[in-house]
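S.K.: As they're listed, the protein sequences go chains L and Y. Here the first sequence stands for residues 1 to 171, where the numbers follow my numbering. Here the second sequence stands for residues 1 to 171, where the numbers follow my numbering.
Calculated from the structure, these hints are not laboratory results. Watch out, some of these pointers could steer you wrong.
Where chains are identical, the list cannot tell them apart; a pair therefore holds if satisfied intra-copy or between any two copies.
PhoX-like, lysine-lysine: derived pairs with alpha carbons at most 20 Å apart [as the list claims (entries may be wrong)]:
(1) Lys130 to Lys61
(2) Lys163 to Lys23
(3) Lys130 to Lys28
(4) Lys23 to Lys157
(5) Lys27 to Lys163
(6) Lys61 to Lys86
(7) Lys17 to Lys152
(8) Lys163 to Lys130
(9) Lys86 to Lys28
(10) Lys83 to Lys130
2 protein chains.
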Amino acid sequence: MDLFEAIMTRRSIRNFKNIPVEKETVKKILEAAMNAPTAGNQLAWQFVVVTGREMLDELAKAHPYADSLLSAPLAIAVCGDVKAEKHSGFWVQDCSAATQNILLAAHAEGLGAVWLGVYPRAEREKSVSKVMGLPEGIITLAVVAIGHPVRKLSPQKRYDESKVHYNGWRG
Amino acid sequence: MDLFEAIMTRRSIRNFKNIPVEKETVKKILEAAMNAPTAGNQLAWQFVVVTGREMLDELAKAHPYADSLLSAPLAIAVCGDVKAEKHSGFWVQDCSAATQNILLAAHAEGLGAVWLGVYPRAEREKSVSKVMGLPEGIITLAVVAIGHPVRKLSPQKRYDESKVHYNGWRG
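Just chain L, same shape as in the assembly:
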C-alpha cells in the first residue's frame, strides 16, 4: 500500500473477526515499529505481543476503554524501558512513533488496529503491567489491539488549515 494511502485511509478499528494474525505479519509489524526514530538512537523500548485469549481478556478488564481487546486476536503493548534511556523523558515520544508505525503497518497488511492509551494514567499503567508481569522500569505507553476488521471504515480527512501558522504564530 502506498504511504499516503495508508496514512489517509487508516481508521481506528475496534471490532475484529475470530481469525488469528499470521506470525510473519506480526514480525513485519514489529520490524516497522522498531524502525521508528528514537532520541539519540536510544532504542529504550520493549514490546509485548499477546495472543493468548485469557491474557487478552484480562487486559480488556485492566483498562477502562479496551473492549476492543475482547474480539482482538492480537495485542502489542509498546513499553518504555526507562532505565535504558540516554535522553531521559523522550521514551514517550519514541514509543509513540513506534505505535504509529504499528497502526500504519497493520492497516497496510489489511488488518485493523486501535491505539489504547495507557501512560500517563497511573491506574491503567499499574493494572496492565500486572497482567503482563512487567518488571519495574518497564512502562506501558499503549496497548494496540490488532486483527481482521469486522468492517472497514471510510477514510476521514482531518486537515484543518486554521491550525497551520506560517513563519511564526498567527492567532
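Let chain L serve as the given structure and place chain Y on it in line with the hints.
M.R.: What follows is chain Y alone, placed relative to chain L:
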C-alpha cells in the same frame, strides 16, 4: 512509495540542498500529520511552518542540536495545544504520531527530515517558543527540519528480537 519501504528506508537527514520545498508538498505533509490519531479525537495540536531564512537560523540558535536548520529550507514545529485537550497529558503522544507521519511523508516525497526534540526540555521549549512567538499553552514537542537531502543514507534495520516478549514478560 510503499508504506513498508518508507518505514524501513527512512533515515534522519541533517544536511540539505539550497532548494525550497514546494507549497503543494508542504500541504501534503501537513495533511499526513493531521491524519495521525489523537486521544478521543481531541486534535489538540497546532503546526508552525517556517520557511523564512532568518527565523530558521534563529531556531537553530535556540536549540542545542539543531544545526540542521541552518541548511534546511523548511521546518515544521509540531505543538500541543494543552488548553484544547479533552484527555489531559495525551498531547505528547498525539503530536509524536503526527511527527512520525511528517517524517514518513517527507521521505516518500523524496525529501529528508530530522526530528529535533524540544519538549520535555524546558529551556529549549522556552527559547524555541520565543522565536516563533507562541502564546501561552502552545508547547513545541518537536521541530522537524525538512529539505532536499545532500546525500541519501543507506537503510538501517533496527529490529531486535530480544526486545520482543510473548504473552507476558520474559526477561
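S.K.: Of the hints stated earlier, which fail here?
M.R.: 3, 6, 9
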